[in-house]
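Engineer: Could you put together the complete structure from these sequences and hints?
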Amino acid sequence: MNRNILLTIEYDGTGFHGWQRQPGLRTAQGVLEEGLSRITGQQIQVDGTSRTDAGVHALGQRATFQGDFGIPTDRIPIAANHIMGGDIRITEAVDVPDGFHARFSSRGKKYRYVIWNSSEMPVFYRNYRYQVEKPLDIGRMRRAAEDIVGTHDFQCFQAAGGTPRETTVRTIYDLQLLEEVQGRQIALEISGDGFLYNMVRIITGTLVDIGLGKMPVDAAANAIQAGDRRLAGHTAPPQGLYLMEVYY
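Its first residue numbered 2, the sequence shown is counted upward by one per residue in the numbering used here.
Any given hint could turn out to be false.
Claimed, not checked - Each pair of labels, with its calculated beta carbon distance range:
no., residue 1, residue 2, range
1, Arg-104, Thr-74, 16 to 22 Å
2, Tyr-126, Gln-226, 32 to 38 Å
3, Gln-21, Asp-75, 25 to 31 Å
4, Gly-214, Arg-185, 44 to 50 Å
5, Gly-25, Ala-222, 42 to 48 Å
6, Phe-101, Glu-121, 29 to 35 Å
7, Gly-214, His-83, 47 to 53 Å
8, Thr-74, Gln-226, 47 to 53 Å
9, Ala-161, Gln-226, 28 to 34 Å
Stated by the list, open to error - Calculated lysine to aspartate or glutamate pairs in the EDC-like style (CA-CA distance at most 20 Å, straight line):
no., residue 1, residue 2
10, Lys-111, Glu-134
11, Lys-111, Glu-34
12, Lys-111, Asp-148
13, Lys-111, Asp-69
14, Lys-111, Asp-219
15, Lys-135, Glu-121
16, Lys-135, Glu-180
17, Lys-215, Glu-134
18, Lys-215, Glu-93
Don't read these hints as lab results, they were simulated from the structure. Ideal placement from N, C-alpha and C gives every residue a C-beta, glycine not left out.
Structural biologist: Shown next as structure tokens:
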């Protein structure tokens with residue numbers, strides 16, 4: 002009997018060339034498919050929700066795969082995690098109905114972007130934080146963030162090179178800036194019904210530029226209204242970004 006399995010996956014993106022399989026390169030999807038193929042005795046292909054870039058991390062990536070195999074669903078994480086290596090692991094596997102698809106059945110996602118706002122940063126954070134050495138004005142950043150929440154055409158926050166989309170209109174449900182670690186760490190938490198290529202990183206870069214005083218507080222609003230990428234800020238680096246959750 003053909004089964005449809007939904008996985009929840011976490012990985013440290015440092016050692017991967019992104020999520021999507023690429024010939025000759027180590028990717029999260031490639032390692033996952035190799036592990037699942039070994040434990041099921043079949044050639045497995047998975048469909049992931051988010052095609053994270055090289056260096057981007059995940060605590061709640063989701064993927065579905067199908068097949069007719071004997072291993073019990075609750076044993077899939079245990080067996081696969083033993084052979085995939087220490088920087089990726091399946092945290093949950095559940096049976097889902099035929100037709101359920103990790104990406105196309107998704108109703109939204111939540112991301113977290115972590116900034117280390119200090120001139121000194123522990124060496125072990127270098128692959129997991131974006132260091133901004135000059136002080137950020139989080140009040141300015143929060144005021145600008147209010148302009149991003151809601152339904153807008155977000156083409157100004159889209160990088161070139163992504164998969165073409167039918168529409169660049171998206172809804173951002175919530176965008177919070179949290180001060181942590183005695184104010185040295187600022188975490189941006191954003192949830193929405195979908196995100197364009199590099200959208201979270203460009204939003205973060207825009208808010209950082211506003212927080213540094215390089216751009217006016219209404220820069221994000223102006224960029225959205227004009228639909229012009231040139232009016233938005235820089236693209237924040239990948240290592241501060243985490244895919245936290247996928248909603249169904």
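Engineer: So which of the earlier hints does this model not fit?
Structural biologist: When the structure is compared with the hints, numbers 4, 6, 9, 10, 11, 13, 14, 18 turn out to be violated.
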